[in-house]
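What follows is the residue order along each chain.
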Amino acid sequence: MSATRDREIDTEEDRRHLAALLDAARQEFVADIERGLGAASAHVRFSDRIDALVRRIVDAARPRTSTPFAVAALGGYGRRLLCLHSDIDLLIVFDGRILPAEEQFVKAMLHPLWDLRLMVGHQVRVLTDFDELEPDNPEFLLALLDARLLAGDAAVMAQVREGLQPSNGTWREHVVDALLSLTEQRHAQFNQTIYQLEPDLKNAPGGLRDLAAARKLVALADPPASVNGDAERLVGAEDFLLRVRSVLHLETGRNLNTLSHSLQEKAAERLGCPGEQSQQRVEALMGEYFRHARIVMRALARARGLGAAKVPVPARLLPGTNFELTAAGAGFANMVRAALEPASWLQVFELALLENVPVAPAALALMEQHGARYTVAQYLPTAVDRQRLMQLLRPRPGLYARLSEMHDCGLLSRVFPEFQAISCRVTRDFYHKYTVDEHTLLTIRTLERLRGPGQPSRERFSTMLGELQAPERLVLALLFHDVGKWKVENHAEESVRMAQTMLDRMDATADERQDVEFLIGQHLQMSRVAFRRDTEDPHVVQRFAQLVGTEERLKMLSLMTLADIEAVSPDTLTLWKEELLWRLYVDTYSQLTFGYGDETIDPGHAAVASLQARRPPDLGEHELASFLEGFPRRYLARVDAEHVYRHARLARDIHPDEVHLFLEPKGETWELSVVTLDKPYLFSNISGVLSYFGMNILRGSAMTSPAGLVLDIFEFTDQERFFQFNPGATPQVEKLLQDVVAGRQDVAALLLRKEGSVLYRRQPQRVAPVVHFDSGHSQRYTVMEIVAQDTLGLLYRISRIISRQGCDVDLVLISTEGNKAIDVFHLTKKRAKLSEADEGALKEALEQMLEETHETR
Amino acid sequence: MKLVKAIIRPNKVDDVKDALDKLHVSGMTVSEVRGHGRQKGHTAVYRGKEYNVSLLPKMEVEVVVPDDILDSTIQAIIGAARTGEIGDGRVFVTEVEHAYHIRTGERDVI
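The listed protein sequences derive, respectively, from chains A and B.
The working numbering applies: residue 461 is where the first sequence begins, and numbers increase by one.
The working numbering applies: residue 337 is where the second sequence begins, and numbers increase by one.
Think of the hints as simulated: they come from the structure by calculation, not from any bench.
None of the values given here were measured: they were computed from a predicted structure.
Be a bit skeptical, because a hint or two may be false.
To be verified - Cβ-Cβ distance ranges computed for the label pairs, FRET-style: (1) B:Tyr-387 with A:Arg-714: 49 to 57 Å; (2) B:Ser-362 with A:Gln-564: 54 to 62 Å; (3) B:Thr-430 with A:Asn-816: 53 to 61 Å; (4) A:Leu-642 with B:Glu-421: 48 to 56 Å; (5) B:Glu-421 with A:Pro-1063: 35 to 43 Å; (6) A:His-999 with B:Gly-373: 23 to 31 Å; (7) A:Leu-642 with B:Thr-440: 37 to 45 Å; (8) A:Arg-1240 with B:Gly-373: 33 to 41 Å; (9) B:Glu-421 with A:Thr-1190: 50 to 58 Å; (10) B:Ser-362 with A:Glu-692: 54 to 62 Å; (11) A:Arg-965 with B:Tyr-387: 41 to 49 Å.
Every residue, glycine too, gets a C-beta built ideally from N, C-alpha and C.
Produce the complete structure using the sequences and hints provided.
Below, the structure is given as structure tokens:
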């Protein structure tokens, strides 16, 4: 060594000597890696060896220049974490102008490094370059943070460092901004999630760059800060990440940092991960990877928070509770009490969602530490707690982040133990980019984003989500749609089985249960039909419409499909697929609302057989069959067995001019079922009476069988609290309905008295009315769809005009979406479809009514 | 050698793939595309409002085949992709001068 010192490296012997030095350094490192010891200490040793090599080259080149200079290591090399095939990032600074002599020095330095086939990243600067910041070069700004003098004049390096001190406020601010901005950009490339199936150990969220960023943010904090315990946890995470990365470099012979599926097997083998089968070893490795990546991300989040809390935020205690809001987020005021009250833990997430803040790290740590002490029942001891959990799942900004926090601290798998089956579960295929649990949570992020601003291209799906009556069921179904993936085959079937256990525990209502089970069981169907079937074939759409049964389920399944595809990878949901999904949705929606009238129940229908088999003793077989015959099949898809039996009883012994009804509360709304026999103006009279009692009809349906039996079902809000304050309201409504239907009372006259009511007054038009006729979807009916501003009494006014025009209302679907009423009428005139002239006259009359301000007659 | 480019209905890809497999056509490229031919889209109605669907989703299938099986390839594609309705698609054929295997460097071996 001394023989070649201070002499130009220009002979073959010199080059061989350098190559031998590098080879020896690498062999030493390889030996460490092969023993699974390629952690930080091995990287430091290797960096030191490369330091010696660089110093030797610098010494040899030194005579080329008389200008004082410094050579420094940057980036990971600066941190002494050089891996086997990492780039050698160098900074060469001269205290003076760069003239031909200095250029010769740089060449004499770099050529031997290139001859060694090292990848060298170099920056050549003069000291005056550091007089001013380079805000447009954030990467260099950050690389300087790790600058470490290797050779040359320490005084030159000291001058470089002079302005790079946390006490220099401008510099610190620029560096922190650059660090946060570059981190954000890098995370965006990975869809903001650590749960990559083939993670980039260096760049992915939770990787080595984030680890370095967390440490830098802490070091740069003003005032100086530290986060308890993070430093030690980060050392463990760094050792793990470096050990795995060193295996990748060894196996590929390149500076490759992506832990691909094939390299996972090799790394798991080399690092001695437990498991008899390769798959088990890989799962153990990836489980450890995600655990460490989570540690890094939490430390980074805390380090980011150090910069955010420039003004101390006083803790705000929520009166009468153990909850508080602090700068760190929603948490517990008394941690000892919180540890003993597991039923309160979910409420912290509720509070965080309400306030749109994170859950405080201390609260998450408490749940992680004490979670194993409690059973599912202790987290959800009462029906109210279970209902609160359901409501917590309503899609809104922050839901994905809160559920991710809940998952990371283990609470999600404690309230839904089935979710544990897919925790960090790896699936190997050409499409999925994330673990099954993260894929699941990302589906919920898609929904959440549909609720937020900035998705104009998805407006049609955003509107669809806004129209759902119980979007929390969709989120619950999404949470469980892939839990069966712990099994290789038939995962949808297994997911349903596992969801049933959860639904039992949650005391789910029959409606909730049916929706959730349907969505999970059929979650692959819509994409199959949309992308692989001929949706221009009416039979394909018809069969799909029969599968979904109702518009509500169609909307939920459409959104589920959209979210499921988007969560596979950032590129999977193309505009092309989105368009096919939307087209299938529109065609199926039209089939459900326009085409259902021709599909009537017949005695041989499977659902009828099932109803007959479970028929209560008070209902005869013939009685039930007669009641059902001729009603649309849609009725059986929408109404559960108990209600079918109830309606059949209402139809018992019905006579002309009689009205039989049943009223029941349904959460915050009421449902009224009315059975009577058909006659002119019937539908308008019934809807008029409901308006008279202040019932704001939200949704419902009206059906007429060929035998003239009419069954109307209305779901409404009790605007005037008539039912709340009148225990005898039902007989009163029944009496008035009978009087109106029998012609003993004139509903129009009754409603005139209501004209002055504030509730009854028409609202200013915000929805442009649309009246649309369709004669193609149904063989028997002309279908008329009306979209208009929802107002009290609207249905009455529309149906009154229809009757005045001599048309018969055979079927009606009523729905309300926000302030928009969407009503679909199946009409006939003298038992035939409407002529074009009839349609024109009806349309004109309706449009005139819809545009008038105070039409009440 | 010829490059055969077929624009077909999305639901016909599997049928076309099966038909080409039977001819031992070894490789294919499939892309999602949108466009219109003579049908120029159609009008759909949703919530009472009409809207024009001018660019329809289609699939583009590309295969390179030796001249001697060109006709049978085209017939296989047409047979598998046809429904008889407007919108069945198109088949285009162009000359290919040379083809190379990137891994082996072999030329004109399909």
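Each hint, compared with the structure:
For Tyr-387 of chain B and Arg-714 of chain A, the hinted distance range of 49 to 57 Å is satisfied, since their beta carbons lie about 52 Å from each other. A hinted range of 54 to 62 Å for the beta carbons of Ser-362 of chain B and Gln-564 of chain A is consistent with their spacing of about 58 Å. Between Thr-430 of chain B and Asn-816 of chain A the beta carbons are some 57 Å apart, a value that agrees with the proposed interval 53 to 61 Å. The hinted window of 48 to 56 Å between Leu-642 of chain A and Glu-421 of chain B holds, with their beta carbons roughly 54 Å apart.
Restraint check, Glu-421 of chain B to Pro-1063 of chain A: a C-beta distance of roughly 36 Å satisfies the suggested window 35 to 43 Å. Against the hinted window of 23 to 31 Å, the Cβ-Cβ separation of His-999 of chain A and Gly-373 of chain B comes to about 24 Å, which satisfies the hint. In this structure the supplied range 37 to 45 Å holds for Leu-642 of chain A paired with Thr-440 of chain B, their Cβ-Cβ distance being about 42 Å. Distance hint for Arg-1240 of chain A and Gly-373 of chain B: a CB-CB separation of about 35 Å, consistent with the stated range 33 to 41 Å.
Checked against the hint of 50 to 58 Å, the C-beta distance between Glu-421 of chain B and Thr-1190 of chain A comes to roughly 55 Å, which is consistent with it. Between Ser-362 of chain B and Glu-692 of chain A the beta carbons are some 57 Å apart, a value that agrees with the proposed interval 54 to 62 Å. Arg-965 of chain A and Tyr-387 of chain B have their C-beta atoms about 45 Å apart, which keeps the hinted 41 to 49 Å range intact.
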